[in-house]
Structures are given as C-alpha cells and as structure tokens.
Amino acid sequence: MGNVKLSDYLPEKYRGGYSDESIERIIQFGKVTSFEKIKWVGISVLLTIPIHTWDLTLAFVFTYMLLRRCFGGFHFQNKNLCFAVTVGFTVLFSFLSAKIQLDTINIILIYVFAFATIKTQGVVANPKRPIKPSLEAKLLRHGKVTILLIMIIQIVLYRYGRIDVSNAILFGIIAAFANLYIKNE
Numbered sequence: 001m002g003n004v005k006l007s008d009y010l011p012e013k014y015r016g017g018y019s020d021e022s023i024e025r026i027i028q029f030g031k032v033t034s035f036e037k038i039k040w041v042g043i044s045v046l047l048t049i050p051i052h053t054w055d056l057t058l059a060f061v062f063t064y065m066l067l068r069r070c071f072g073g074f075h076f077q078n079k080n081l082c083f084a085v086t087v088g089f090t091v092l093f094s095f096l097s098a099k100i101q102l103d104t105i106n107i108i109l110i111y112v113f114a115f116a117t118i119k120t121q122g123v124v125a126n127p128k129r130p131i132k133p134s135l136e137a138k139l140l141r142h143g144k145v146t147i148l149l150i151m152i153i154q155i156v157l158y159r160y161g162r163i164d165v166s167n168a169i170l171f172g173i174i175a176a177f178a179n180l181y182i183k184n185e
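Numbering (the numbering used here) for the sequence shown: 1 to 185.
Hints were generated in silico from the structure; no laboratory data involved. Please note: incorrect hints may appear among the correct ones.
Stated by the list, open to error - Below 20 Å or equal to it, Euclidean Cα-Cα: the simulated DMTMM-like pairs (lysine to aspartate or glutamate) are:
{"id": "1", "residue 1": "K128", "residue 2": "E24"}
{"id": "2", "residue 1": "K39", "residue 2": "D55"}
{"id": "3", "residue 1": "K79", "residue 2": "E36"}
{"id": "4", "residue 1": "K128", "residue 2": "E36"}
{"id": "5", "residue 1": "K119", "residue 2": "D103"}
{"id": "6", "residue 1": "K99", "residue 2": "D55"}
{"id": "7", "residue 1": "K37", "residue 2": "D20"}
{"id": "8", "residue 1": "K183", "residue 2": "E136"}
{"id": "9", "residue 1": "K31", "residue 2": "D20"}
{"id": "10", "residue 1": "K31", "residue 2": "E21"}
{"id": "11", "residue 1": "K99", "residue 2": "D164"}
Claimed, not checked - For each label pair, taking beta carbons as the anchor points, the in silico distance ranges come out as:
{"id": "12", "residue 1": "M65", "residue 2": "F113", "range": "33 to 43 Å"}
{"id": "13", "residue 1": "F74", "residue 2": "P133", "range": "15 to 25 Å"}
{"id": "14", "residue 1": "I152", "residue 2": "A116", "range": "33 to 43 Å"}
{"id": "15", "residue 1": "V112", "residue 2": "E24", "range": "36 to 46 Å"}
{"id": "16", "residue 1": "A84", "residue 2": "I108", "range": "32 to 42 Å"}
{"id": "17", "residue 1": "Q28", "residue 2": "F83", "range": "31 to 41 Å"}
Backbone N, C-alpha and C define an ideal beta-carbon position, used for all residues, glycine too.
When you get a sec, could you build the whole thing from the sequences and use the hints?
Now the structure itself:
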C-alpha cells in the first residue's frame, strides 16, 4: 500500500484543471492554515479565561475571521511575530470589550469607517498570492453581505443588553478594516 493522497478521491468536476500535485499543495496549505487558526483561537481563549472574557474572544475572532476571509489584509513576513501580535491584539480587544462602553455615535463611526474602507481599499491581496479580478469581485460582494449581517447581529446584541459582546464584534470590525491600510511588502 502506497501513500494515500486526498487528491485521489477528489471527483473530476472539482479539480478545476489542477494537477494532483497542485491539489495536494492546496490541501496542505489548508491544513496548515486551519491548524494556525485553531492554535490562535485556543491560546487566545486560554489567556482570556482568567479575566472572564473568553466569550468576547470568540465574538471578536469570529467577526475578524469572517471579514479577513472576504477582504484580506496585512501579512507579517515572520510567522511567529504574526502569531504573537494576533494573539496579543485578540486578548487586548477582548479585555477592552468588557471595560469600554461604546455609545451610538461611536458605533455609527465604526460602521462609517468600515464602509469607507470597503470603498477605498476593497480586497487586499497578499503579494505572494495575487487574486484574479473575478474572485476579487466575488469576495467584495460576499464581504458587503457579511458586514451587513454582522451589523444586524451586533445591533440586536446591543439592543438586548449584551454590550460586551457587541463591543467585541465592533473591535473585530475595527481590527479587520484597520488591517487593510497596512501595506504588505
């Protein structure tokens, strides 16, 4: 029995003209990326359990990851630095979500910032992995729908007294969109 490859089980209609080797590289990239995200969330939650903000961490991470998936953003050259900064900001924003009460004016300003960023920055690709214009348009459409759905959830949470979770979502929005202004090298 030789090595079993996942690409051996991928139906032809999903191959998109890619070779088995390319498919295996894509699968490997997905595994590594998934592991990194699980590690980030796990460590961030563990660090915020003592300060009782682990639920806010999950709200922040969920928002940030959804928006980052659609709009992209900055990438550090050093993966360890990237990981440390990401965990640090996640813990910081979770803590701030519990301590700061954003009023309606601040919430409106955050959404103005988000929509202005969508208009001016659009989707930011990694220079090492440029994206096709058709995919960019699709991501932009998905991103606009995603931010509207997040806004509805955030407003409902705010209205029903979950100010802390509402804040965590807003900080996720700030982090995701501020990230688009930092230029990749």
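Outcome of the hint check:
no.	hint	verdict
1	K128 / E24	19 Å, holds
2	K39 / D55	17 Å, holds
3	K79 / E36	10 Å, holds
4	K128 / E36	19 Å, holds
5	K119 / D103	25 Å, violated
6	K99 / D55	14 Å, holds
7	K37 / D20	26 Å, violated
8	K183 / E136	18 Å, holds
9	K31 / D20	16 Å, holds
10	K31 / E21	15 Å, holds
11	K99 / D164	8 Å, holds
12	M65 / F113: 33 to 43 Å	19 Å, violated
13	F74 / P133: 15 to 25 Å	21 Å, holds
14	I152 / A116: 33 to 43 Å	20 Å, violated
15	V112 / E24: 36 to 46 Å	44 Å, holds
16	A84 / I108: 32 to 42 Å	33 Å, holds
17	Q28 / F83: 31 to 41 Å	19 Å, violated
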